[in-house]
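Student: The primary structure of each chain is shown beneath.
There are 2 protein chains.
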Amino acid sequence: MRHFDLEMNDLKKKLVDMATLVQEMIKFSVDEIVKRDLNLSKEVFNRERETNLTEIIIDDTCLKLIALNQPVGTDLRFITSAMRINSDLERMGDEAVNICEIGEELLKYPDLKPLIDIPKMANAVTVMVKDSIEAFNLSDADLADTVLSKDDEVDELKRIIIKDLLEFMTNTSDQTTLIRAIDLMFIAKSLERLGDHATNIAEDVIFMVHGKDIRHLKSI
Amino acid sequence: MRHFDLEMNDLKKKLVDMATLVQEMIKFSVDEIVKRDLNLSKEVFNRERETNLTEIIIDDTCLKLIALNQPVGTDLRFITSAMRINSDLERMGDEAVNICEIGEELLKYPDLKPLIDIPKMANAVTVMVKDSIEAFNLSDADLADTVLSKDDEVDELKRIIIKDLLEFMTNTSDQTTLIRAIDLMFIAKSLERLGDHATNIAEDVIFMVHGKDIRHLKSI
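Here the protein sequences come in this chain order: R and U. Okay, so the first sequence: first residue is 1301 according to my numbering, each after it adds one. Okay, so the second sequence: first residue is 1301 according to my numbering, each after it adds one.
Next comes chain R alone, as it looks inside the complex (with noise of 0.2 Å):
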């Protein structure tokens, strides 16, 4: 194998690497609001850490494998994919942290209600996530496809938990009722923006992929 395509195989790792740590950040962060364990905040904040290096580590290889190589095509592509991706993976480990925050403000008090719609909905994230990378990692565009066509069902849920929490906000006169309805409003729209990162990375898979640029196709 040529150094070069060496150097692209560890790229790829990397990122792949930065990844699971995002992914674990999210699964964390979750965590924390259902399973009312604030300990799992410092989970998400040491990994914050790391993928704050890794985001320049990351940004760093690529530029060095752009100035050293001069790569076109195809390999040029993947690399300003990956540079993209990477600041993405990078802005989905600020909402995990972001959620783990809100959190920390959620469990001074008891459940609102049971939660099931913001579980539902961070596991729909989650596949997307997870396919969003897995398509990354073995450049299938048919994947990535899969992952675009989830992103209605993650912002059909975000309108089903806003509209049940307007419920609890109307029937109350309790500060703490409106507060926790606000924080989970809240946690539901980082999931939505997580969800919204994961159709940026699939779209950049494909543009990959295909050399073709899909984004906004249905606005133009």
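By construction, these hints were calculated from the structure, which means they are not laboratory data. It is possible that some hints are incorrect.
Where chains are identical, the list cannot tell them apart; a pair therefore holds if satisfied intra-copy or between any two copies.
Below, computed lysine-lysine pairings styled on DSS-like, alpha-carbon distance capped at 27 Å [to be verified]:
| id | residue 1 | residue 2 |
| --- | --- | --- |
| 1 | Lys1430 | Lys1342 |
| 2 | Lys1463 | Lys1413 |
| 3 | Lys1512 | Lys1314 |
| 4 | Lys1314 | Lys1430 |
| 5 | Lys1413 | Lys1342 |
| 6 | Lys1312 | Lys1512 |
Treat the numbers as computed from the prediction; the structure is a model and nothing was measured.
Using the hints, position chain U against chain R.
Tutor: Just chain U now, with coordinates in the frame of chain R:
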């Protein structure tokens, strides 16, 4: 001037033009809420189509610049930063669309309260966006630094807005009051996100100018 330099200038101009579109989108979306003028939605949606198209053109320009000229050092950093800034700008346009869409629900009802802090937050964010693009255009890392220092102010305004809205929600049994308060919370969240994107752009400018990655300096 070399052909390559002309093309680099053209890339810069394309990004500055895109940033102008996005700034207009932000202005129109906030004006829609503040002036209660739903007609402004179409100004935002028209520009969204244009930014979506421009994003693809800019990415394509960047890939060709790398493939055909094999730049290194500052030039390569400029181009990859341009790709990242391009992506942030497009997502900022999405946030403006988001504000508009929330506005379409919000404006079904009378004003919940005179809007003071939302326009204030929008102004602070607009300055961040303007300065981050100006910093890019002039390769001015000091100006980019001032953008970073404004992010805390925006976050603090968001905190105040949400606290105030919570008061409104506590003293009501009226569901439309709740809906309006939630809408305004999500608008504040979108404005905060716009500030985050401006911060990302400012960090890219500093990296572009100094070749030093300042992201996450506090957390590593």
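Student: Checking each numbered hint in turn, tell me which of them this model violates, lowest number first.
Tutor: none
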